[in-house]
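Using the sequences provided together with the hints, build the complete structure.
Just so you know, the protein sequences line up as chains A and B, in that order.
With the working numbering, the residue at position 3 of the first sequence is 3, and numbering never jumps.
With the working numbering, the residue at position 4 of the second sequence is 115, and numbering never jumps.
Derived from the structure by calculation, the hints contain no laboratory data.
We put the CB at the ideal spot given by N, CA and C, even for glycine.
Hints are supplied without guarantee of correctness; some may be wrong.
[As the list claims (entries may be wrong)] Here are the simulated BS3-like cross-link-like pairs (lysine-lysine), alpha carbons at most 25 Å apart as the crow flies: (1) A:Lys69 / A:Lys54; (2) A:Lys98 / B:Lys155; (3) A:Lys52 / A:Lys69; (4) A:Lys3 / A:Lys69; (5) A:Lys52 / A:Lys3; (6) A:Lys69 / B:Lys155; (7) A:Lys98 / B:Lys168; (8) B:Lys155 / B:Lys168; (9) B:Lys120 / B:Lys168; (10) A:Lys3 / B:Lys155; (11) A:Lys98 / A:Lys3; (12) B:Lys120 / A:Lys3; (13) A:Lys54 / A:Lys3.
[To be verified] Listed next, with one range per pair, are the computed distances between beta-carbon atoms: (14) B:Gly114 / A:Leu80: 24 to 30 Å; (15) B:Gln128 / A:Thr29: 44 to 50 Å; (16) B:Gln128 / A:Lys69: 15 to 21 Å.
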Amino acid sequence: LAKTTQPISMDSYEGQEVNITCSHNNIATNDYITWYQQFPSQGPRFIIQGYKTKVTNEVASLFIPADRKSSTLSLPRVSLSDTAVYYCLVGDISSASKIIFGSGTRLSIRP
Amino acid sequence: NAGVTQTPKFRILKIGQSMTLQCAQDMNHNYMYWYRQDPGMGLKLIYYSVGAGITDKGEVPNGYNVSRSTTEDFPLRLELAAPSQTSVYFCASMGGGSGLNTEAFFGQGTRLTVV
Chain A
1 LAKTTQPISM
11 DSYEGQEVNI
21 TCSHNNIATN
31 DYITWYQQFP
41 SQGPRFIIQG
51 YKTKVTNEVA
61 SLFIPADRKS
71 STLSLPRVSL
81 SDTAVYYCLV
91 GDISSASKII
101 FGSGTRLSIR
111 P
Chain B
112 NAGVTQTPKF
122 RILKIGQSMT
132 LQCAQDMNHN
142 YMYWYRQDPG
152 MGLKLIYYSV
162 GAGITDKGEV
172 PNGYNVSRST
182 TEDFPLRLEL
192 AAPSQTSVYF
202 CASMGGGSGL
212 NTEAFFGQGT
222 RLTVV
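Here it is as structure tokens:
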């Protein structure tokens, strides 16, 4: 399982774009990159998943460079409700045995 | 669909007592997981299962046991509860397979206090 490194915390303001970067230097060929969001007192919720280049959905974008050793979750025009912990996970979803969470990034959005 | 259902939502145990945390999913998912989350920390994998009759240890299995007799249910058993097991427990399920958007679905959690 590839180890991931993300900032412990980040602060931003409403209406700003927030980018959270995750490093995964030992990513394997079959590994995908998945991001989850967790609000206080709730279970994590899937946000986005990708293998390479760029993936976009209604919530976020995920940018993955060609070497795949890092990835960036981009949240456009954040609001107070985006305050949460964001987890970056790397693993082979086709075998999908263990799902291991790191410490995550605690994002705080201010008015 | 109910998704992943955990019961109970809250429980207080005395040291040395035992209990079973229930987890059920109605999505016909092969993979199921149990995590614990201590205050201010990330999730730690306790046990997981890749299908009925198959279970394996995660990162922190000591003090816990699981079984998977059906696809739908994945109970977590605590024997001889200790204060160190005070935590929030999350159950999750995932369908598995190849392709994008293979996501795990989580229950709402069980908040356990051991006193």
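Results of checking the hints against the structure:
Using a Cα cut-off of 25 Å, the hinted pair Lys69 of chain A and Lys54 of chain A holds, with the two alpha carbons roughly 14 Å apart. In summary, the hint linking Lys98 of chain A to Lys155 of chain B is supported, as the alpha carbons are separated by about 11 Å, within the 25 Å threshold. Proximity of Lys52 of chain A to Lys69 of chain A is assessed by CA-CA distance (about 10 Å); at most 25 Å being required, the pair is judged to hold. The suggested pairing of Lys3 of chain A with Lys69 of chain A holds, with an alpha-carbon distance near 11 Å, which does not exceed 25 Å.
Simply put, Lys52 of chain A and Lys3 of chain A have alpha-carbon atoms about 18 Å apart, close enough for the 25 Å limit, and the pair holds. As the CA atoms of Lys69 of chain A and Lys155 of chain B are separated by approximately 24 Å, the hinted pair is consistent with the 25 Å bound. Taking the CA atoms of Lys98 of chain A and Lys168 of chain B, the gap is about 9 Å. The hint holds against a cut of 25 Å. Simply put, Lys155 of chain B and Lys168 of chain B have alpha-carbon atoms about 11 Å apart, close enough for the 25 Å limit, and the pair holds.
For the hint pairing Lys120 of chain B with Lys168 of chain B, the CA-to-CA distance comes to about 24 Å; that is within 25 Å, so the pair holds. The hinted pair formed by Lys3 of chain A and Lys155 of chain B meets the criterion: a straight-line CA distance of about 14 Å does not exceed 25 Å. Distance check on the hinted pair: Lys98 of chain A and Lys3 of chain A sit about 13 Å apart at the alpha-carbon level, within 25 Å; holds. Taking the CA atoms of Lys120 of chain B and Lys3 of chain A, the gap is near 32 Å; set against the 25 Å cutoff, the hint is violated.
Taking the CA atoms of Lys54 of chain A and Lys3 of chain A, the gap is near 21 Å; set against the 25 Å cutoff, the hint holds. At about 26 Å, the beta-carbon gap between Gly114 of chain B and Leu80 of chain A stays in the expected band of 24 to 30 Å. At roughly 47 Å, the beta-carbon separation of Gln128 of chain B and Thr29 of chain A lies within the given 44 to 50 Å, and the hint holds. The given range of 15 to 21 Å is broken by Gln128 of chain B and Lys69 of chain A, whose C-beta atoms sit roughly 47 Å from each other.
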